[in-house]
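Protein chains: 2
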Amino acid sequence: MAPPGVEPPRRMLLNAFSMNCVSHLQQGLWGRDDTRQREYASLEPWLDLARLLERGRFDALFLADVTGVYDVYRDGPETAIRHAMQVPANDPMLLVPALATVTEHLGLAFTSSVYQAHPFTFARQLSTLDHLTDGRVAWNVVASYLPNSAANLGFDALPAHDDRYDRADEYLDVCYQLWEGSWEDGAVLADRAAGVYADPARVHRIDHHGEHYRVAGPHLCEPSPQRTPLLFQAGSSDRGREFCGRHAECAFVISSLDGVGPLVDDVRTRAARHGRRPHDIRFFQALTPVVGGTEAEAMAKAAELGEQVSVEAGLAHLSGAVGADLGSLDPDRPLDQLRAEGVQGLVKRLVDSAPPGTRTVGDLIRSNATGRFTVGSAEQVADVMERFFHAGIDGFNLVYTTTPGTFVDVIDGVVPILRERGLVQTDYAPGPLRQKLFGHARLPDRHPGAAARR
Amino acid sequence: MAPPGVEPPRRMLLNAFSMNCVSHLQQGLWGRDDTRQREYASLEPWLDLARLLERGRFDALFLADVTGVYDVYRDGPETAIRHAMQVPANDPMLLVPALATVTEHLGLAFTSSVYQAHPFTFARQLSTLDHLTDGRVAWNVVASYLPNSAANLGFDALPAHDDRYDRADEYLDVCYQLWEGSWEDGAVLADRAAGVYADPARVHRIDHHGEHYRVAGPHLCEPSPQRTPLLFQAGSSDRGREFCGRHAECAFVISSLDGVGPLVDDVRTRAARHGRRPHDIRFFQALTPVVGGTEAEAMAKAAELGEQVSVEAGLAHLSGAVGADLGSLDPDRPLDQLRAEGVQGLVKRLVDSAPPGTRTVGDLIRSNATGRFTVGSAEQVADVMERFFHAGIDGFNLVYTTTPGTFVDVIDGVVPILRERGLVQTDYAPGPLRQKLFGHARLPDRHPGAAARR
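Same order as they appear, the protein sequences are chains A and B.
Position 152 of the first sequence, counting from 1, maps to 152 under our numbering, and the rest follow consecutively.
Position 130 of the second sequence, counting from 1, maps to 1130 under our numbering, and the rest follow consecutively.
Worth flagging that the hints you see were computed from the coordinates, not collected in a lab.
Be a bit skeptical, because a hint or two may be false.
Claimed, not checked - Incomplete in silico selection of chain B near chain A, CB under 7 angstroms:
#1 1120
#2 1198
#3 1215
#4 1221
#5 1255
#6 1256
From the three backbone atoms N, C-alpha and C, an ideal C-beta is built for every residue, glycine too.
Isolated chain A, as found in the complex (with noise of 0.2 angstroms):
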């Protein structure tokens, strides 16, 4: 175990990948007498599911969410609906505190965009939840991406894509302002004998007047142990890997075993031409295993899962990632068909997409879940992580197909033998989340946050 403010030495990253609602990722599984989705409104299965990850020395729980519904699939939100895509949808912020009271290590991490909360707000909510969680709270910073959010929100229409990575810039230069720079280490006395609880002179306005935002403050909140907390972010374009290179202490990816060194290396690559090293950052990679006793067993139960997913959920749910209605494909229209009509732009790429042997639209949106399923014995799931590790991601979002199975599964099975190999931690660091991940509890000096700092 790496002493406080030395850089603790690589080892494979673990985090359960959830989100507040009944069906997160994999459609159409909702309703399967071993999942506890249907429960999510209630404490208990998150409860349950974070001593779970705790006893399995998972890093974080990773909470997902939307402030808006999947409407572009035929143009409306009916097919979301009918099969709780993502909808119903709570606020996963406030899973946070709860989870606090049963666990002592797991990092607890929530997506919020910069579209929901007001800066002052948001900010003052995450330093309650880092004191709250003795500076165990990550951030997944998001910029919105569904129409529907702006809509819910106050905007005729979402900003153009650049602009909304421009708005979240000045959304975080506000919270580095607050949360770095407003309360001096030194501000808080606590000197009871001479009635003094914090020095003035060490307490500051922010005074940000920005294009987006205007903030006077002081920060209402005496610092916390990460004060600014623990950053997560996955942008996957230009300009969002660019925000990434710049702010991001985790980012949130979904490549190919090939395409993982290219992908780590370009973001590497921007973050030192901000200023930081390329290590500053640690790279998730999103996997749905279906662990099995054997390889049959295993195959068997992928198989059957295969067979309840949604293919209308999953159509919806990728229309609303692609910004482009699918309602037009019929899910028993063969491939062929398709083909021959000469079909283009993304039903072309989709068709193209199709693993051999693809007969119908609704096999192949099918597979679009089952193929990122990673299947196998445990000792198989545990290569295929351990490829990944090695082809230069640090650890892992687990996606779920029923939940707390999944991670039951990656627990029990997976991680004693990625334990063997010497590859995930047996027990936790001591500290705040960012000391666990990276050794100190505080943004390093050269993060653009700590320009905050006076």
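For this one, chain A is given, so just place chain B on it according to the hints.
Coordinates of chain B only, in the frame set by chain A:
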């Protein structure tokens, strides 16, 4: 115990009044050995407090809040910061999920200003909390009054008083549409065999286009136990009382015993004018109990607390509350001198309010704190509470001098007496918070929020 749907008989209601900060209302006492105020930023004192209150069968923990610093006094926040006078102040909403993990029945009420969060985001957070707490959440609706709050949240200046209430009316209108109108009862089918979670025909956009807000919807949350959380409000101005009569289910007041009757009657009359029943509102009086084994012990305790009250922090608090800088008032200044100078306005009203024997400005500010104490044996404090109850007050927001000491004194000393007199509950009624208080879990049809239903 009244069955669901039947209004329970009138009983005395008890809330603990606190704030997620070092020093809430009684300034200067945070350094005492026998208070846990300095631990406000961690979970433990709050979890312990919630368990204590549930043991005492309190109705709710009521958390106050501000979204800015008190910087009217001497034209800056220095005094507030030095004395931890409501700064630092962490977000109160984020305590709710944690407290829900250690309680089953306690109501969890918190303050949120209509300026701090967009109503779409906020309504979702409240629905999430209502789900996680099984319907125990209450919202104290406020329109900010501190100039620094406005400057923190992007406003050039605080809008005029009545405009703030107009904005609050629209804010609530948006929330009602999301909570009451977006998802019909019966929209959620969770039909596993058919693979249908919800019926899209019963989930509606709200398409609100108002003066301050534009919100498309649908609400992202399925209906929670209460739908609309139990609504607290504390308006005392004419416009504030009007708002209270229209929306509030619980009104927080600070009144003399003599003033209770007319105040309560006025708000009930306003409620009736809005089509509600006069008794659709419960009134909570602020009360600061200082309980001793005997009257003499209590007097000695109050005298000791009075000695420790911070006059400077009291002046800063009062300056912010009334919006006028009292910084020119030297605490050592004799009141007679001020009287001889013929002071006017607020200072004159302050001086005129001084109890007989008050010599200096400092004594006056100190008595402004201790004058609010209800001092006596448990029996005597119970007598005062009973007199308020018979005058028309339904319950109390109990202010601490030390925490949890004040609440321990009430629960172990005063509550048993109130129980013997048949005034307070001996056990909780089942169901959500509104059902515990009013006999029904949802807003009654005559509440204006019900108009948003389909």
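Hint by hint, here is what the structure shows:
Proximity of residue 1120(B) to chain A holds as hinted, the smallest CB-CB distance being about 5 angstroms (cut-off 7 angstroms). Among the interface hints, the one on residue 1198(B) holds; its C-beta lies about 5 angstroms from the nearest C-beta in chain A, closer than the 7 angstroms criterion. Annotation: interface hint on residue 1215(B) holds; nearest CB of chain A at approximately 6 angstroms, less than 7 angstroms. Here the hint on residue 1221(B) is kept, as its CB sits about 5 angstroms from the closest CB of chain A, short of 7 angstroms.
Annotation: interface hint on residue 1255(B) violated; nearest CB of chain A at approximately 30 angstroms, more than 7 angstroms. A distance limit of 7 angstroms between C-beta atoms decides the matter here; for residue 1256(B) the minimum to chain A is near 31 angstroms, and the interface restraint is violated.
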